[in-house]
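Top to bottom, those sequences are chains Y and W. Here this note's numbering is used: the first residue of the first sequence is 316, the next is one more, and so on. Here this note's numbering is used: the first residue of the second sequence is 1388, the next is one more, and so on.
Treat the hints as calculated values from the structure; they're not laboratory data. Cβ atoms here follow ideal geometry from the backbone N, Cα and C, with glycine treated the same way. Please note: incorrect hints may appear among the correct ones.
Only some residues are given here: those of chain Y computed to face chain W with a beta carbon under 7 Å [what the hints assert, rightly or not]: (1) Arg319; (2) Ile322; (3) Phe323; (4) Ala326; (5) Ser327; (6) Val330; (7) Val332; (8) Lys341; (9) Val398; (10) Leu401; (11) Phe442; (12) Leu469.
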Amino acid sequence: MKKRTSIFWVASLVVFVVINGLIWQKQHLLRTGEVMLLQLAPRDPRSLMQGDYMTLRYALMEESGQAAAEEATQTTATKGALVVKLDDHQVARFVRVHKGENLAPDERLLRYRLREGEFSVGAESFFFQEGQAELYARARYGELRVSSTGESLLVGLRDENFDLLRGDTDGDSRFSLPPIKDLPDFSQTPTQISVAGS
Amino acid sequence: MPDEETSFDTEMADDRDYTVDATTVRRLYADGVLDEAARDAGLEWLEYTPAWWRWANRTLLFTGSALALAGVVFFFAFNWAKLTPLVKFAMLETALLLCLAAAWRAGLDGLTGKILTLGASVLTGATLAVFGQVYQTGVDAWELFAAWAALILGWVVIAKFGALWLMWIVLVNVALLLYWGQVVVPGAELNDVGRGGWGVYVVLAVINFIALAAREYAVTNKRIEWLAGEWLRWVMWAAVLFYLTIPGVALASGASQNKATIAAGALLSVAVAIGQKYFRKIAPDLFALTLCVFSACVVVITLIGRVVFKFSGRDFGAGSLLLMGLIVIGVFALAGLWLRATGAEMKGRRS
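So here's chain Y without its partners, still in its complex pose:
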């Protein structure tokens, strides 16, 4: 029985270590990662709204479409890295597929997975609070934090002026009560009760 209890706590410790390790890793990437913007492919974003998240499609994937198709036929590897260059607004442009060579000073890595003959950097969907689809329909760029090895994390969406779209954090407006001033005033006793039809 002693042994069983110790296995129980060792298993519990492993769960906490793994979960907090994963969280720490992501927080570290958030703190130290470089800002990289990925332009969203031009199409009506509202058609991609799925209620409380939207599906993102990056222009980078279309620029690299030819390379992706070649990569898909040539190798069986499903993971790798893209080499990109950042412009003045930190927007990433596709350069080539990384083959292990050294990078020029202005080049950056971005990890990908090969899916259905297309590159995917992950983060193809963006979750937001229900009822805020209108706000996020203005999105033009996805904002990523990227480590030097190309690990990326989607942190938000930006509009065409590169401003971060901030969600209203006061909850879903559909569920909030009307402001008090709009309520009928019950403090005064009605002197006359009107009956419908009279």
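Fit chain W to the given chain Y structure using the hints.
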């Protein structure tokens, strides 16, 4: 003490005064002096509560708990965006830790401890789900389910709890289904014939069959109590037959003939053959047998239907549909008759 209690009724013969309360009555019942009817009559007389009172009591308790729980859920749902990620994780991990500590305090052998361990396993999944939502890294859903299954494995092994064991198997099933759809045959619908989407059904059927066989062995040969619940067998056996019947029907109807469906068809025949032998002779179980028969009926009807609609041609009319209706009734009636006879025979053999 127990001796004094059991001699209670004999001592009643001498005319001494005894104060009897509800506790005494329950103890007498526990010791086997009173039968159930006598206990109920005694309790009814001693602590009479009107039925409406008990009903109101239970209803208020139930609605009260449900509303309080709904309040908790809505509190978090409404304030979700206002909580920073680290607060979310801190809350979930605190709940997880409390759950584990309570399970340990209650003792891992008792039902309370086991249910709390199950609760901790569910909370681990909730934490991973929040992780996947907070950090939008494009982690595939299958990876979260696989991580969930891997993380709770330690608890599953030591908890000795059938429900947790089954939950783990369900997680493995879901992880594999998602893995198949996202990595093995990316983007393909699971019934996508040309791209081998059927394969996953065969793999899942084999996995669940192995788990079921392990459960049967553990219960019959190793006398492992915590897997003894028959519902575990029913869920897994239904899963095995479901995973094989879906591609089996695709094969029988002629919609899809490839390696996976042919394998599934062959395995389904084997599974039904093994099942009808095992659940009739070795471990009599009429419900498991019924699942077998149902699966076989579905495939047989599909085969007959294929022939009927082949003869009636492209523009089949009401006639062939009526014929099919009659055939469906006939096949199921035959199956029902057979099951009834077999059930009676099994009952006769057992008694």
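Results of checking the hints against the structure:
{"no.": "1", "hint": "Arg319", "in the structure": "holds (5 Å)"}
{"no.": "2", "hint": "Ile322", "in the structure": "holds (5 Å)"}
{"no.": "3", "hint": "Phe323", "in the structure": "holds (5 Å)"}
{"no.": "4", "hint": "Ala326", "in the structure": "holds (3 Å)"}
{"no.": "5", "hint": "Ser327", "in the structure": "holds (5 Å)"}
{"no.": "6", "hint": "Val330", "in the structure": "holds (5 Å)"}
{"no.": "7", "hint": "Val332", "in the structure": "violated (10 Å)"}
{"no.": "8", "hint": "Lys341", "in the structure": "holds (4 Å)"}
{"no.": "9", "hint": "Val398", "in the structure": "violated (19 Å)"}
{"no.": "10", "hint": "Leu401", "in the structure": "violated (20 Å)"}
{"no.": "11", "hint": "Phe442", "in the structure": "holds (6 Å)"}
{"no.": "12", "hint": "Leu469", "in the structure": "holds (4 Å)"}
Going down the numbered hints, you'll see the structure goes against 7, 9 and 10, while the others check out.
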